[in-house]
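A.B. asks: Each chain is listed here by its residues.
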Amino acid sequence: MHRDGVIMNLKLAAKKLVRDILDVQPGEIVGITADTLSHEDAVNATARAVFGIRTKPLVMWMATLGGLGR
Amino acid sequence: MDGNSWGVGKIADPMLPQNALSGALNNMHVWIEFNYQWILYLTVFDMVMKENRDIGYICLVGVNPDTMVRTIGKVEIKKLAEFPGKIAEITQKGDHIGAATPAGTDIKFVWAELETLREAEKAEKKGYDAVITYCFSDLGLFAAREKPKIPVVGLRESSIHVASTLERKFPIVDVGDKNLEGETYDVKLASIRGTKFLVLKITMDIKKMGKELLEESKKATGEDDVEVIILSCGNLISIGKELQEKPGVPVLEPGPVAFKVVELLVELGVISQ
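Line order of the protein sequences matches chains A and B.
For the first sequence, my numbering gives the first residue as 14, with consecutive numbering after it.
For the second sequence, my numbering gives the first residue as 7, with consecutive numbering after it.
In case anyone wonders, no lab produced these hints; they're calculated from the structure.
On a predicted model such as this, the values are computed, not experimentally measured, just so you know.
Just so you know, not all the hints are guaranteed correct.
[What the hints assert, rightly or not] Pairs of lysine-lysine residues, derived as BS3-like cross-links and limited to a Cα-Cα distance of at most 25 Å, are as follows:
hint: 1; chain 1: B; residue 1: K202; chain 2: B; residue 2: K153
hint: 2; chain 1: B; residue 1: K132; chain 2: A; residue 2: K29
hint: 3; chain 1: B; residue 1: K92; chain 2: B; residue 2: K128
hint: 4; chain 1: B; residue 1: K224; chain 2: B; residue 2: K153
hint: 5; chain 1: A; residue 1: K24; chain 2: B; residue 2: K80
hint: 6; chain 1: B; residue 1: K80; chain 2: A; residue 2: K28
hint: 7; chain 1: B; residue 1: K80; chain 2: B; residue 2: K92
hint: 8; chain 1: A; residue 1: K69; chain 2: B; residue 2: K85
hint: 9; chain 1: A; residue 1: K24; chain 2: A; residue 2: K69
hint: 10; chain 1: B; residue 1: K224; chain 2: B; residue 2: K252
hint: 11; chain 1: B; residue 1: K155; chain 2: B; residue 2: K131
hint: 12; chain 1: B; residue 1: K84; chain 2: A; residue 2: K24
hint: 13; chain 1: B; residue 1: K225; chain 2: B; residue 2: K266
hint: 14; chain 1: B; residue 1: K99; chain 2: B; residue 2: K80
hint: 15; chain 1: B; residue 1: K202; chain 2: B; residue 2: K224
hint: 16; chain 1: B; residue 1: K85; chain 2: A; residue 2: K28
hint: 17; chain 1: A; residue 1: K29; chain 2: B; residue 2: K84
hint: 18; chain 1: B; residue 1: K131; chain 2: B; residue 2: K99
hint: 19; chain 1: B; residue 1: K225; chain 2: A; residue 2: K24
hint: 20; chain 1: B; residue 1: K56; chain 2: A; residue 2: K29
hint: 21; chain 1: B; residue 1: K132; chain 2: B; residue 2: K114
hint: 22; chain 1: A; residue 1: K29; chain 2: B; residue 2: K80
hint: 23; chain 1: B; residue 1: K266; chain 2: B; residue 2: K131
hint: 24; chain 1: B; residue 1: K252; chain 2: A; residue 2: K28
hint: 25; chain 1: B; residue 1: K56; chain 2: B; residue 2: K92
hint: 26; chain 1: B; residue 1: K56; chain 2: B; residue 2: K84
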């Protein structure tokens with residue numbers, strides 16, 4: 014799929030996540046955490062979707078944790 | 007989430023600005039986690055869940071635009087939310103259930119537990135004194151005891167109790183390659199040993215199956231130091247005596263054991279409450 018198409022669909026997916034799955038309400042504060050291996054487009058689209066419903070996003074980027082599994 | 011994302015465990019706690027992060031998240035209404043090496047179950051996560059009990063949380067580890075579009079964007083959330091309820095509604099109407107999808111899923115199953123309960127109720131109405139649920143898995147045993155007042159006895163439970171009264175260590179020798187692995191029993195259980203025979207094939211080659219059972223029984227007496235053996239299928243009848251001569255320890259066939267337990271309960275006049 015063309016990148017523009019992916020971004021358009023991603024925008025819709027982020028809206029669905031915020032509105033339909035998480036049921037975020039206007040005025041709520043939504044924290045988004047991500048690390049240096051997270052996909053920036055997915056994070057940013059989600060932050061925009063949060064902002065789009067008059068809600069306050071706070072994105073926190075951090076270094077990817079090292080170490081071995083559980 | 008892809009195959010390279012394994013999480014890091016609490017050993018990574020010191021790498022996070024824990025107080026700053028938990029301080030911020032404690033003041034959020036919702037937390038969406040995209041971390042590739044996730045914070046879920048690290049100390050920060052525990053702190054936030056303890057302090058901010060009303061927070062909504064979702065873990066989207068390893069999500070990229072493609073997976074986000076496929077698993078969220080293209081899913082009809084309202085219908086998905088209704089789906090489990092619909093499935094429950096449909097499956098409760100029938101005993102024999104099948105499910106197939108265009109992607110190739112094709113499963114069939116039977117509500118064995120429900121059927122067991124119905125049969126137990128039917129037996130009581132017809133005036134039977136007791137019920138034996140005749141499968142070593144004891145499927146539906148506890149459900150079947152809920153309503154009828156007559157005793158309901160299972161093969162596995164009764165065999166294990168009888169074996170326990172011998173005050174010895176025992177193994178279970180199974181058909182179907184250790185179907186019972188992972189089950190928990192009395193501390194006297196020494197081992198669960200399996201043969202490759204499936205239940206429905208027992209009567210097709212009883213000699214071969216007897217030989218395999220004998221092999222496993224011998225191993226149980228030698229390696230597991232057991233003093234009584236339980237065979238794990240109601241179809242394993244009339245081979246116990248022959249088997250016990252060779253390994254030299256008592257062999258319990260669950261069918262006759264359950265029958266005798268039931269007989270005892272009926273003679274004692276025991277009625278379920």
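A.B. asks: If you test the structure against every hint from before, which numbers come out violated?
C.D. replies: 1, 2, 3, 4, 8, 13, 14, 19, 20, 21, 24, 25, 26
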